[in-house]
Amino acid sequence: MQSTFTLQYWRDGDWYVGQLRGVPGVFSQGMTLDELEENIRDAYQMLVADEEPAPADANVKTILIDA
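Number 67 marks the last residue of the sequence shown (this note's numbering); no jumps.
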């Protein structure tokens with residue numbers, strides 16, 4: 001299954017640096033835009049692979065956090 005994400009990227013010296021918007025913790029870099037895209041895909045896959053699903057009887061609670 002494929003999902004669509006928005007890659008936000010910028011130049012930092014010789015590097016392309018980027019992050020997936022809306023997906024905290026997925027950042028990477030590359031010497032070319034293609035390399036950045038490949039590295040972002042890898043970073044996302046590592047994040048998803050590390051997630052463990054919550055048990056079916058898990059509780060949900062809304063909390064307030066000062067921004």
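Worth double-checking, as some hints may not be accurate.
[Unchecked claim] Okay, the calculated beta carbon distance ranges per label pair:
| no. | residue 1 | residue 2 | range |
| --- | --- | --- | --- |
| 1 | Pro24 | Met1 | 13 to 23 Å |
| 2 | Gly13 | Thr62 | 17 to 27 Å |
| 3 | Ala49 | Gly13 | 27 to 37 Å |
| 4 | Glu37 | Gly13 | 34 to 44 Å |
Honestly, the hints are just simulated from the structure, not real lab data.
Every residue gets a Cβ at the ideal spot worked out from N, C-alpha and C, and that includes glycine.
Now the hints, each set against the structure:
Taken as a hint, the range 13 to 23 Å holds for the pair Pro24 and Met1, whose Cβ atoms sit roughly 21 Å apart. Gly13 and Thr62 have their C-beta atoms about 42 Å apart, which leaves the hinted 17 to 27 Å range violated. In this structure the hint that Ala49 and Gly13 lie 27 to 37 Å apart at CB holds, the actual value being about 31 Å. Separated by about 19 Å at the C-beta atoms, Glu37 and Gly13 break the suggested range of 34 to 44 Å.
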